[in-house]
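**Q** In case you want the letters, here they are:
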Amino acid sequence: MTEAAAEQARRDRVFLVVVDDSPERAVALRYAALRAAKSGGRVALLRVVEPVEQAEWAGIGAMMAQERLEEAESLLAGLAAQVKEITGGLPVLITREGKVADELLELLAEDPRISILVLATAADSKGPGPLVAALTGRLAAKMTIPMTVVPGTMSEAELDRVT
Amino acid sequence: MQVYLPIAAMSVDVLLLVGVGFGVGWLSGLFGVGGGFLLTPVLMLLGIPSTVAVASGANQTLGASVSGLMAQARRGNVDWQMGGVLVAGGLVGSVVGVQIFALLRRAGQVDAAVAIFYVVVLGSVGTLMVMESVRAIFRRRNARAHRLHNHTWAHGLPFKVRFRKSRLYISVIPPLGVGFLIGVLSAVMGVGGGFMLVPAMIYILGMPTAVVIGTSLFQVVCVTASVTFLQAIQVGGVDIVLTLLLLLGGVAGAQFGAAMGGKLRGEETRALLGLLVLSVAGSLLWDLWRVPATLFSVGPAW
Numbered sequence: 001m002t003e004a005a006a007e008q009a010r011r012d013r014v015f016l017v018v019v020d021d022s023p024e025r026a027v028a029l030r031y032a033a034l035r036a037a038k039s040g041g042r043v044a045l046l047r048v049v050e051p052v053e054q055a056e057w058a059g060i061g062a063m064m065a066q067e068r069l070e071e072a073e074s075l076l077a078g079l080a081a082q083v084k085e086i087t088g089g090l091p092v093l094i095t096r097e098g099k100v101a102d103e104l105l106e107l108l109a110e111d112p113r114i115s116i117l118v119l120a121t122a123a124d125s126k127g128p129g130p131l132v133a134a135l136t137g138r139l140a141a142k143m144t145i146p147m148t149v150v151p152g153t154m155s156e157a158e159l160d161r162v163t
Numbered sequence: 001m002q003v004y005l006p007i008a009a010m011s012v013d014v015l016l017l018v019g020v021g022f023g024v025g026w027l028s029g030l031f032g033v034g035g036g037f038l039l040t041p042v043l044m045l046l047g048i049p050s051t052v053a054v055a056s057g058a059n060q061t062l063g064a065s066v067s068g069l070m071a072q073a074r075r076g077n078v079d080w081q082m083g084g085v086l087v088a089g090g091l092v093g094s095v096v097g098v099q100i101f102a103l104l105r106r107a108g109q110v111d112a113a114v115a116i117f118y119v120v121v122l123g124s125v126g127t128l129m130v131m132e133s134v135r136a137i138f139r140r141r142n143a144r145a146h147r148l149h150n151h152t153w154a155h156g157l158p159f160k161v162r163f164r165k166s167r168l169y170i171s172v173i174p175p176l177g178v179g180f181l182i183g184v185l186s187a188v189m190g191v192g193g194g195f196m197l198v199p200a201m202i203y204i205l206g207m208p209t210a211v212v213i214g215t216s217l218f219q220v221v222c223v224t225a226s227v228t229f230l231q232a233i234q235v236g237g238v239d240i241v242l243t244l245l246l247l248l249g250g251v252a253g254a255q256f257g258a259a260m261g262g263k264l265r266g267e268e269t270r271a272l273l274g275l276l277v278l279s280v281a282g283s284l285l286w287d288l289w290r291v292p293a294t295l296f297s298v299g300p301a302w
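Sequence order for the protein chains is F and E. Position 10 of the first sequence, counting from 1, maps to 10 under the working numbering, and the rest follow consecutively. Position 136 of the second sequence, counting from 1, maps to 136 under the working numbering, and the rest follow consecutively.
These aren't lab readings, by the way, just hints derived from the structure by calculation. Hints may contain errors.
[Claimed, not checked] Some but not every residue of chain E turned toward chain F, in silico, with C-beta under 8 angstroms: (1) Gly32; (2) Glu132; (3) Arg270.
A quick note: this is a predicted structure, and the numbers were derived from the prediction, not measured. Every residue gets a Cβ at the ideal spot worked out from N, C-alpha and C, and that includes glycine.
I would like the entire structure built from these sequences, with the hints used as guidance.
**A** Here it is as structure tokens:
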């Protein structure tokens, strides 16, 4: 591989961050953004919203689905601004409906541009969090890309040092 | 196998009751509804007195809603503050409703009154459900549900309170009124009232949909508990044998239905629910209409 092609590949790689409601998502997001800024690449943010449960009225079900999507989009837009501050470029925003692990694996199968998944572990001692546990355990064989697991306890200065 | 129900004062087949509990539990799990509005009329059609049927319906809804409330509360989807206001209205409503119920019973009109209530409410709810899903089947996703205008006369009312979780700053009078009406409905019909409470919370109070289901379950749990309690004390309508048999089938049915409900969704299911509601209303109407098998009945004078 020539030097130019290697440079191109580095710039095109995508760090995928799963946006959930945990406090450690900020650590994963910051790590991915710093990595992309310092060594080339882009950030993608995935937000998976829960599908609407059976409701008595179809109109209310449709309204719920719409409000959930809008909420996810505004959350991603806010995080995108944070990413842009670090990397200078806007991240790819993806919203999906369903179960987090299933949708994540499906997205990886559909989109070959995504090259690294960045997850952070929970800061408390109850275990690494459901997604990390599932992807390194039960679903480990289904992963198609490498995964970076960032300790959720790392501070901003520490993240700066290692990226 | 016949069993004697001490409060209802009649004999019913055990397997039939367990089967009814299972069927209603299954449907409520499948459609995500409380089930009281199915159980009460089915029990009435079986010939169980409406005092007992209403108390059992409220009790069944209570059981079906507790686990749902716990799941929603764990995910932080309950607005306890708004729920508290709704419950306050609902508790007053349930007391008033039980008084109305007792009054009707003293007048000897309770069976007919409850049946008429059901025919009217289920008839209109069922019609709306079928119409809505038929429209949706023909025009997939074209029609978006719109909120009504955002500023109404209700915003001019006094006693404004800030509801943080719902992101609302409104008077407490509309939620108190909504809670009260649902409480009356719950006491007279033995339903949770979720199918009317949820649209009222969205369209009248303007709550965000994310907290509507959890908050409505909070109101349903408190009000059906109050109704069951009041009915037991004041009307004496809670039959422990009947309740236990229904619960036996209901618990199993709800698990089974909830597992199936995940796969089954969409407009067709909702049309089925609407048709089911309509057919229950229709058979109650027929029951009111036809000439009874025994023209006269003898009972204690109240």
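**Q** All the hints need checking, so say for each whether the structure fits it.
**A** Hints and how they fare:
A distance limit of 8 angstroms between C-beta atoms decides the matter here; for E/Gly32 the minimum to chain F is near 4 angstroms, and the interface restraint holds. Of the supplied interface hints, the one on E/Glu132 holds, with its beta-carbon coming within about 5 angstroms of a beta-carbon of chain F, less than 8 angstroms. For E/Arg270, the interface hint holds, the least distance from its beta-carbon to any beta-carbon of chain F being 5 angstroms, beneath 8 angstroms.
The structure meets every hint from the earlier list without exception.
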